[in-house]
Amino acid sequence: MQLSGLEKDERQGFSRSLPQLYRFCFLMTGDTSKALRAFQNTLREAALLASRDQLPTDRLWSFHEARHQCLTIVKGDVQPESNTMPEEAISSDAAARVKQLVPDQLAAWIAAAPEPQRSALAFFYLNEFTHREMQNLLDVRMDELADLISHGRTQFQAWLNSVTEA
Amino acid sequence: MKRWLSRRKRALIECAPITDAAPSDRAMRSALETARTIPEAAAALTAQHRFDVALSDLVRHITIPREAEEWFVNAALIKGAKRSWKKTARHPAILATALAVLVLAGTGIFFFLEQLHEFPGSATAKRLLGVAATSRHVQFEPLNTDAINLGDYFFMKFQLEHFDIPMQFADFRARGARIFDDEDGRRVAQVVVAERGVQFFLFAADKPHSRHKTKLTRTVWRYVADEGWAAAVTEREGVCFMIAMRGTEAELQSYLADRGR
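In order, the protein sequence lines correspond to chains S and R. Start counting the first sequence at 0; every next residue gets the next number (numbering that gives the first Met the number 0). Start counting the second sequence at 0; every next residue gets the next number (numbering that gives the first Met the number 0).
By construction, these hints were calculated from the structure, which means they are not laboratory data. Small disclaimer: the values here were computed from a predicted structure and weren't measured.
Heads up, incomplete: computed chain S residues facing chain R, CB under 8 Å, no partners named:
1. A46
2. L54
3. L105
Where is the CB? At the ideal position from N, CA and C, for every residue including glycine.
Chain S on its own, in the form it takes in the complex (with noise of 0.2 Å):
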């Protein structure tokens, strides 16, 4: 059977934006194998709305039951404290600190974030969405948006400063 154009447009959208999919769980969970759990939850999740004739073609709708499965997941295990942690400005070796770290303690120290704010982090280091996106998704205005991010680098930055070395 042949695809058309915008078929195989469609379909080659919702695959290419999966590994993304599987980071954007990952770094939410923090976990690989919760992180799989949520992953295969939403496809599963979106399978069967796509028996049903009934799954969005809005690439968001993925990331956003992502984020559900997520949280899901996740509800069970201590969750952290609204924000009391130590802030700094960003410095100026902050990306050659940054190259010291590895995906996994990004993922561990995003997953330790508060929610909204784990989410918001999550979402715009993916670097998939535009703020209109984010906004969206987070159900959040633009000034709350640019709040959690804002507070999420000085924060990122004072742990940056006590586990690497300048």
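Using the hints, position chain R against chain S.
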């Protein structure tokens, strides 16, 4: 950085895209351009950008486990369903909007049709039908003249200009006339004629409307009916002439048709 920028732009800068490509969002482009013109803000923006790029690179290096990659093949078969127009049309929001538009259109058409039946002086004409039904002979100044003379009579006695009876009723015998002020304070002339159950009224027209202007060559009658009386009104030179007759609108139409022959 942020003290040099407006609150809105500061918020946008915090969410500045990590890629170097120009953002498609105009507000974001404007905020970035403004920040780049202020040295302190530009320096802070560069530091923020380097920081974000480094973290984004780290995210890109998250390895995808083999178990997840196995799903990629099957997931290629999952595709979103486009809503058909039938499904979209059945959406409650669309249905509610369509219903509201229908109601509005219906109301608009109703008022438009109502308006079609209205004409300048129609409200006065309806009120005067009530007057015609309750008038007594003693209320009139007795006259015994042809209706054609009434124009001069009203002008000479009451200074009412153009209160002329149309030529097709010129031979009617006027038995009485009176002048009174209606609810709007306009002067109205009422004439009883020898023919039983027929009365004439003359009154200044409402704001003249181009659509209802009467051509000199042809008399346009507009009808109203109320309280067992029917009336036909025509306008000429800013004065409405109304013939009121006991009966129905159809009877009056037939009567006027006979008179016109």
